[in-house]
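2 protein chains.
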Amino acid sequence: MTVRAHQVLTSVDAVAGYITYIDLVRDLIRDKEIIATSMKKEVDRVEKAVATALQGKSCAVVSSGDAGVYAMAGLVFEMCSRKEITLNRPGQNRENSGLTLEVVPGVPALCSAGALLGAPLTHDFAAVSLSDLLTPWEKIEKRIEAAAEADFVIALYNPKSRKRDWQLARARDILLKYRDPDTPAGIVINAMRPDETVLVTTLGGLHEHNVNMLTTVFIGNSATYTYQDFMITPRGYSEKYSLGKTGAG
Amino acid sequence: MTVRAHQVLTSVDAVAGYITYIDLVRDLIRDKEIIATSMKKEVDRVEKAVATALQGKSCAVVSSGDAGVYAMAGLVFEMCSRKEITLNRPGQNRENSGLTLEVVPGVPALCSAGALLGAPLTHDFAAVSLSDLLTPWEKIEKRIEAAAEADFVIALYNPKSRKRDWQLARARDILLKYRDPDTPAGIVINAMRPDETVLVTTLGGLHEHNVNMLTTVFIGNSATYTYQDFMITPRGYSEKYSLGKTGAG
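Top to bottom, those sequences are chains A and B. As numbered in our numbering, residues 7 to 255 make up the first sequence, in order. As numbered in our numbering, residues 7 to 255 make up the second sequence, in order.
To be clear, the hints were calculated from the coordinates, so they are not data collected in a lab.
Identical chains share a label here; the pair holds if one copy fits it or two copies do between them.
Computed list of lysine to aspartate or glutamate pairs in EDC-like fashion (alpha-carbon distance at most 20 angstroms, straight line):
{"no.": "1", "residue 1": "Lys89", "residue 2": "Asp235"}
{"no.": "2", "residue 1": "Lys145", "residue 2": "Asp186"}
{"no.": "3", "residue 1": "Lys145", "residue 2": "Glu155"}
{"no.": "4", "residue 1": "Lys63", "residue 2": "Glu108"}
{"no.": "5", "residue 1": "Lys183", "residue 2": "Glu214"}
Here the structure is a predicted model, which is why all the values come from computation and not from measurement.
Make a model of the complete structure from these sequences and hints.
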């Protein structure tokens, strides 16, 4: 958590969030009004948070990771724009009306999980969610194909849920058209939370491991390598810099 | 900054980093050994940091944003692997030898700049650096092309420097083959630092604005829209959820 997120959570009147995330910050918000709803009730939750803010109370909407990456910031803006609410940035107030909205950035799963794997993201990367709940599968498949062909490091979000069990295997098959089965791959479950699991494997061996909704899967680019149990993507392709024992070059 | 980064910086013996980033945390590290080097001396800096750690001192290498995203974590791992140093994770120590290495994740520019623009990243996105210092330009161009065609939101890092002044215009031309000139675009300079500049424009109008090395440029996907001066990417394409005044659906 960032210092700013901590400040905001302890200073607001109300906190809205998925119950699991509320529980993670429960100690900080004991005296607050809590708007907790179950999963898949995001629209409901944001509706209540916006109504609370319109009553003049300050309300934080919590997400895990970064609020902007596959998370709640987008939905808050979508709702405010559909309701035609005037939005102010902090410190700016148009005619004393509307809502003041601050997005507090955070550490996305991509970075917290990446840190546990070593340094998989040092070069260009693409983030793709395998959830086809709100996005047609053909569009997702096209993105995996494009990212694979252009040699992006790839971070796969939402690789599996109880109802979606074939998407990761399909993604792997697409990736294998462009990348070697030995390409390093990483699996991180529950990054920086209890029951954290960190595993470095290969693209070809990806199907041998369990993943779930709280997993981020990383596929290296053509230059990614493993060292001990770390996944490392070098900064570039050209050998314009030299490292190592000899110091030559 | 995260709470963990603050803890680490105040507890280590030495801090290595680019002088500008050292200055940003100078207040926290007054009593530390400082390994500050100028820009483009990263290899030198990491060499010194690793040597310091091998002497038994704890040493932090600072980056702006997230250490894993176009930053120093990769170089530290590259150097340790070339020197065949045994690496331990925190709390794990193989035969009491080698180095213990912890990557402290942070808020990447992608997220801090994204937060200032609104919610540009809510859907699949690709990060591409326009610096061709260590990567052949053809490879960069191929990635922009692939990301554009597959409708990723795109974050462009290092859009311009004193010596690289044509890359952003070329990227824009490629993007215009696949996206409408009216596609929302965002420019953020010095996110969350003094002299912060936040600007929402269009892909077609991108060339009318100044950018520099401390800039992140965002290009929306086909569903991204602007509301007031915010850039918003909706969560999906299907209208499987309803928002707004009527509550119908």
